[in-house]
Amino acid sequence: MAHQYQKRAERSTELGNLTICSFCSPSEIMSLSFNETFTKYARYNPIISRKETLSDVASQPDTNVTLAVTDDGKIVGFSILEYPKPDERWIRVGERIMMEVSVIEVSRLWRSAGIAKDLLNFLVDHPLKEERIFYMVGYSWTWDMDGKDIMPMAYRDMMIKLFTPFGFKIFQTNEPNIMLRPENLFMARIGTNISEKIQKQFKLVRFNMDT
Amino acid sequence: MPQERYPKELVLKDHKEVMLKPVEPDDHKRIVRFYQDMQLEFRWFLKEDPCDPDVVRKWIENQKSGKCFSILACYKDRIVGHAALLLRLYGGRKHVGRLRTMVAPDFAGKRLGTWMVFDLTKRAMELGLEKIRCDFVIGVEDLAVKAFRNMDFVEEGLLKHYIRDEKGNYHDYQIMIKHLHKEWSDF
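Protein sequence lines correspond, in order, to chains A and B. Quick note, the first sequence lines up with residues 1 to 211 if you use my numbering. Quick note, the second sequence lines up with residues 1 to 187 if you use my numbering.
The shape of chain B in the complex, shown without the other chains (with noise of 0.2 Å):
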């Protein structure tokens, strides 16, 4: 099983230690503080409001009845980050898995949100996905683009003037998809 794989220990960018630790029901008021602790701009694009307990409360099921895995980042007693591989269970769409991350503001540009998508990528792997999927905000999430640019996702769809941000603005949508190899070429 995969949870016995963690809790999974980083050190970050700027030498702070991190655990990775799948979400757990006790988990759940924490989850919700994260997000409340969070200004609305960078949880804005979310398609659910992360600060209804409520909400929390369903991707807590959802992980229980394998909808979705998901992973805490936590540097002492705190949560910094939270990611999460969103899977379909039914249908067409059963071979390709959606990543969602968040990380902390304080704790950007220190690669967590990298090792989070790693983790999540091989957690899409054991569970024999095709592909994963993550979508941005151009304008907004442009490091990010680059991020998972780096991480071998490639832009595969863009959707013009699709969002729109908090204070009304239209944005492009990116679409990109990491394609999970199941087994070396014989090139």
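Chain A on its own, in the form it takes in the complex (with noise of 0.2 Å):
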């Protein structure tokens, strides 16, 4: 049975036509076929290049699994929004406050059709959107700059223009994975419904000094 909040938008593109659909039951995504361009390249691994994990992924609560799909039945894009895990420092926002965009990504062959934008707008389009703070880390060790044949502030910036009508802002912080290299980013869009000592505490994890 499909979730209750679920979408589904038809797409047509230069390759053929997609359904965007998201909040997929993991039986849905076990249905598919997970299409042969997520597999490894030289400079670049897929996050995820199983559909048994994306299937895991989406039985965890209020998690959105969005994917695009070849009439044919094959994922050709898939994005996450899920809760951080346990060891991540923004679980001490506060319990179920932070929501990670945690993958979101378009094969090869499928890329410069605007798919990964369909994908964002159906992900975030969430019934807990106003009470959640959503956010994205980008590390530039995971982009597939090959693909895009960019340098990674271009590949920076391309992720800004991608997130920022959705909402997301970049905020500083001293994570140090995201401190690593200056290209990497850190946007959050924060609900309308957070309040003000959420968002304090929120400013406070982001430079670790809640503790």
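Because the hints were derived from the structure by calculation, they are not lab data. A portion of the hints provided could be inaccurate.
[Claimed, not checked] Cross-link-like lysine-lysine pairs, in silico, DSS-like; alpha carbons within 25 Å at most:
#  : chain 1 : residue 1 : chain 2 : residue 2
1  : A       : LYS200    : B       : LYS16
2  : A       : LYS161    : B       : LYS21
3  : A       : LYS200    : B       : LYS21
4  : B       : LYS110    : B       : LYS8
5  : B       : LYS47     : B       : LYS160
6  : B       : LYS13     : A       : LYS197
7  : B       : LYS8      : A       : LYS161
8  : A       : LYS161    : B       : LYS122
9  : A       : LYS203    : B       : LYS76
10 : B       : LYS94     : B       : LYS131
11 : A       : LYS200    : B       : LYS76
12 : B       : LYS76     : A       : LYS197
Given two chains presented individually in distinct reference frames, assemble the corresponding complex, making use of the accompanying hints.
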């Protein structure tokens, strides 16, 4: 049975028609096939290369797995909005406050058709979006720069342009992994119902000043 | 445009909240006051007198003409830090930016300088620079040398007994460079 907040949209591209579908269930994911282009390249390993992993994530509470699927049932793009892992600093903002756009990926063959924007649009169209702080971290070592043939700062700009229309803003943080490289990026969207107290806590956690 | 991403909010080690923003013409008086409030020993090693309003006016003109990109750190209404990325628009040094950072003494040791250097490093990468350079007076700015080493700056050259402090004592002058890698290696 489809999730009560599930949305679907048809999308035509030069390579064929796609369906963008949010809140995909584990059974829906398992019924689809993973496109062969989500395989390893010399300088790039996709974060997720098995549909079982996507299915496991989709079974978690409040999680939104949004897919781009061809008419013959191949997954050519996927994105995940989920709670952070227990060992991540963002847990300290408060219980079930922060949700991470942990993955947004489009198969190399299907890039430059605006699919990432469609995925993100459905991903953040979440019933709890005004009660949560959505965030993303951009680590340059996970970016497929060969696939786009661009430099890290240009890829960073591309990420900023992708997320900004959805209310995400750049925030400074001293999170060590983000600080490792100047082009790394941290963006967040603060829901309108997030209290001043939580916003203050979010600020302190960003700079590890909450303890 | 990079200006669109400012102001940037920071929380320092002592929980003080500071904003980073690019220098604008309206900041002229406040910048002069920032340096006038500083004791001579802290501003002695700058190449021009920052207490001279004409010097600061020239710096602001340089920002407009693209010869430099400078930022201010503001705590409430007060300027507590000023950092600049100085650029060459012509010739064999076009690929190198030079950093100049100044932090109010009561805001030293709170990582404000580190944040300003990080910010200008990003700007240098956006501009496609290959290296950034910063120079230090040994025996006076040793803590800064250590901090810059932690930010992947490396000592590239030492000029012996090159610079004199305000009392006339000679000091070694350390040149440090950070290489800005445009991509990851294949290793």
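Checked hints:
A threshold of 25 Å between alpha carbons decides the hint, and for A/LYS200 with B/LYS16 the separation of about 13 Å falls inside it, so the pair holds. Proposed proximity of A/LYS161 and B/LYS21 is supported: the alpha carbons are some 21 Å apart, at most 25 Å. Between A/LYS200 and B/LYS21 the CA atoms are separated by roughly 21 Å; this keeps the pair inside 25 Å, and the hint holds. Our distance criterion of 25 Å between C-alpha atoms is met by B/LYS110 and B/LYS8, whose separation comes to about 16 Å.
With a C-alpha separation of about 18 Å, the suggested pair B/LYS47 and B/LYS160 falls inside the 25 Å cut-off, and the hint holds. Between B/LYS13 and A/LYS197 the CA atoms are separated by roughly 20 Å; this keeps the pair inside 25 Å, and the hint holds. With a C-alpha separation of about 18 Å, the suggested pairing of B/LYS8 with A/LYS161 holds against the 25 Å cut-off. Pair hint A/LYS161 plus B/LYS122 holds up; C-alpha atoms about 17 Å apart against a cutoff of 25 Å.
For the hint linking A/LYS203 to B/LYS76, the alpha-carbon distance of about 17 Å falls within 25 Å, and the restraint holds. Straight-line distance between C-alpha atoms of B/LYS94 and B/LYS131 comes to about 10 Å, which keeps the hinted pair within the 25 Å bound. The hinted pair formed by A/LYS200 and B/LYS76 meets the criterion: a straight-line CA distance of about 17 Å does not exceed 25 Å. Simply put, B/LYS76 and A/LYS197 have alpha-carbon atoms about 21 Å apart, close enough for the 25 Å limit, and the pair holds.
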